Amino acid sequence: QTEAGRVTVINRGIDREHYPYGFQPHESWLADWYQQFPSLVERKVVTLPGRITRLKGHEDFVRIIKTLVTKGLPVSGIIAGGAEEKKREYFQELQALITNEGLTDNIIFTGHRTDLREIIAVSDVVLSLTQKPESFGRTTLEALSMGIPVCGYAHGGVKEQLEVLLPEGEVDPGDFESVSNILSRWFDNPPAVVREHDFLLSNMLDETLKLYEKLVPLS
Numbered sequence: 015q016t017e018a019g020r021v022t023v024i025n026r027g028i029d030r031e032h033y034p035y036g037f038q039p040h041e042s043w044l045a046d047w048y049q050q051f052p053s054l055v056e057r058k059v060v061t062l063p064g065r066i067t068r069l070k071g072h073e074d075f076v077r078i079i080k081t082l083v084t085k086g087l088p089v090s091g092i093i094a095g096g097a098e099e100k101k102r103e104y105f106q107e108l109q110a111l112i113t114n115e116g117l118t119d120n121i122i123f124t125g126h127r128t129d130l131r132e133i134i135a136v137s138d139v140v141l142s143l144t145q146k147p148e149s150f151g152r153t154t155l156e157a158l159s160m161g162i163p164v165c166g167y168a169h170g171g172v173k174e175q176l177e178v179l180l181p182e183g184e185v186d187p188g189d190f191e192s193v194s195n196i197l198s199r200w201f202d203n204p205p206a207v208v209r210e211h212d213f214l215l216s217n218m219l220d221e222t223l224k225l226y227e228k229l230v231p232l233s
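In this note's numbering, the protein residues as written are 15 to 233.
In short, the hints are calculated from the structure, not lab data.
Any given hint might turn out to be false.
[As the list claims (entries may be wrong)] Quick list of simulated restraints, FRET-style, between CB atoms:
1. Gly86 / Gln109: 22 to 32 Å
2. Tyr35 / Glu227: 29 to 39 Å
3. Asn25 / Ala110: 17 to 27 Å
4. Gly188 / Arg209: 25 to 35 Å
5. Arg20 / Gly86: 50 to 60 Å
6. Asp119 / Glu182: 41 to 51 Å
7. Trp43 / Lys100: 42 to 52 Å
8. Arg26 / Arg127: 20 to 30 Å
None of these values were measured; they are calculated from a predicted model.
Beta carbons: idealized from backbone N, C-alpha and C, even for Gly.
Take the sequences, apply the hints, and build the full model.
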């Protein structure tokens, strides 16, 4: 077993220039987006980014949207990610679940997208519902860096990010009912996301180089 004192933790980071606080998509992108999904104009938008796999918690996402719709809230859920061929059966299960819950007008599958930054930027809330802890949670940090509130299951890297940037977004893993309650409050009173943080690509590179220099001193 490795001694704790011999372990160095270097957080992954994002490029702040690509994900600036308050980022707004170009007008042409917005026009195309709302032409493709006109129902989003008058609704609160909740986005679950990531590939379609059971790990990402899509079934909990459907339950959350169902609860919000049942409360009479004008909400749409966006599932932003594609399904690989080996996940087609699970994708069909999700479609059937959405149909059975009467949510075909409230949940949108975008498929694979190369403009996830823009989709996150026009969202009111981004969710992280991973069923198992992830080492980092990149899309969570991308959203928080742009000032978009994130509510997520507090484990792994997502917990570490939320502890610093938006503690009120932390929820016990699997407690989708609490997520629904938090979103209901946030729609009326959006939380402020901490603007400055150290989860930066530049910090990751600097700390990595410093560690290498410490291990292999330059002659």
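Here is what the structure says about each hint:
At about 25 Å, the CB distance of Gly86 to Gln109 agrees with the hint of 22 to 32 Å. Against the hinted window of 29 to 39 Å, the Cβ-Cβ separation of Tyr35 and Glu227 comes to about 32 Å, which satisfies the hint. Between Asn25 and Ala110 the C-beta distance comes to about 39 Å, which lies outside the given range of 17 to 27 Å. About 31 Å separates the C-beta atoms of Gly188 and Arg209, a value consistent with the hinted range of 25 to 35 Å.
The hinted range of 50 to 60 Å is satisfied by Arg20 and Gly86, whose Cβ atoms lie roughly 56 Å apart. Checked against the hint of 41 to 51 Å, the C-beta distance between Asp119 and Glu182 comes to roughly 30 Å, which is inconsistent with it. A beta carbon spacing of about 31 Å between Trp43 and Lys100 contradicts the range 42 to 52 Å that was offered as a hint. Our hint of 20 to 30 Å for Arg26 and Arg127 holds, since their Cβ atoms are close to 22 Å apart.
This entry does not satisfy hints 3, 6, 7, going by the numbered hints stated previously.
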